[in-house]
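Undergrad: Make a model of the complete structure from these sequences and hints.
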Amino acid sequence: MKYLLLLFCLPLSLFAQRFTKAEIARYEQQAKHVTIVRDNWGIPHIYGKTDADAVFGLLYAQCEDDFKRVEMNYIEKLGRTAELKGESALYNDLQIKLLIDTAEAISDYKKAEPWLKKLLQAYADGINY
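First residue of the sequence shown? That's 6 in the working numbering, and the numbers climb one at a time after it.
Calculated from the structure, these hints are not laboratory results.
Among these hints, one or two may not hold up.
Said to hold, decoys possible - Calculated lysine-lysine pairs in the DSSO-like style (CA-CA distance at most 30 Å, straight line):
id : residue 1 : residue 2
1  : K54       : K26
2  : K54       : K123
3  : K123      : K102
Claimed, not checked - Pair ranges (Cβ atoms, derived):
id : residue 1 : residue 2 : range
4  : K26       : I111      : 35 to 43 Å
5  : E28       : I48       : 27 to 35 Å
6  : Q126      : F72       : 17 to 25 Å
The beta carbon of each residue, even a glycine, is placed where N, CA and C say it ideally should be.
TA: Put into structure tokens, the structure is as follows:
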């Protein structure tokens, strides 16, 4: 049974997202600047040297606590929920596609101030780490 499971999972690993050594080094470097302390109730308290470090830690902690919700929010904002939930989610996907313009978002990012780009990059890096 173990071998059957291994044979099934091995091809899936070929399609897994791969990060470059530079990306991994960047994530690890930023993680060194973040301290996450959980209190008696499991609430994360995040400390960072910069705002970007705190954002990185926040998203890392959120993924630890509830990755399923983070992933679902991402899928919803891509307008691809119907692929998971079926035809009943199609209207919401169409609405997202009408309201969110990817090209405009990319343009806005390129025009953004450097401090905001650092926060947005830290947001993505915290999820990917």
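Undergrad: Each hint: holds or not?
TA: Results for each hint:
Taken as a hint, the K54 and K26 pair is honoured in the structure, with Cα atoms around 24 Å apart against an allowance of 30 Å. For the proposed pair K54 and K123, the alpha carbon gap of about 13 Å is at most 30 Å, so the pair holds. Note on K123 and K102: the hinted pairing holds, with a Cα-Cα distance of about 27 Å set against a maximum of 30 Å. One distance hint, 35 to 43 Å for the beta-carbon pair K26 and I111, is violated here, with the actual separation near 26 Å.
The hinted window of 27 to 35 Å between E28 and I48 holds, with their beta carbons roughly 29 Å apart. Hint check: Q126 to F72, Cβ distance near 20 Å, so the stated range 17 to 25 Å holds.
The structure shown violates just one earlier hint, number 4.
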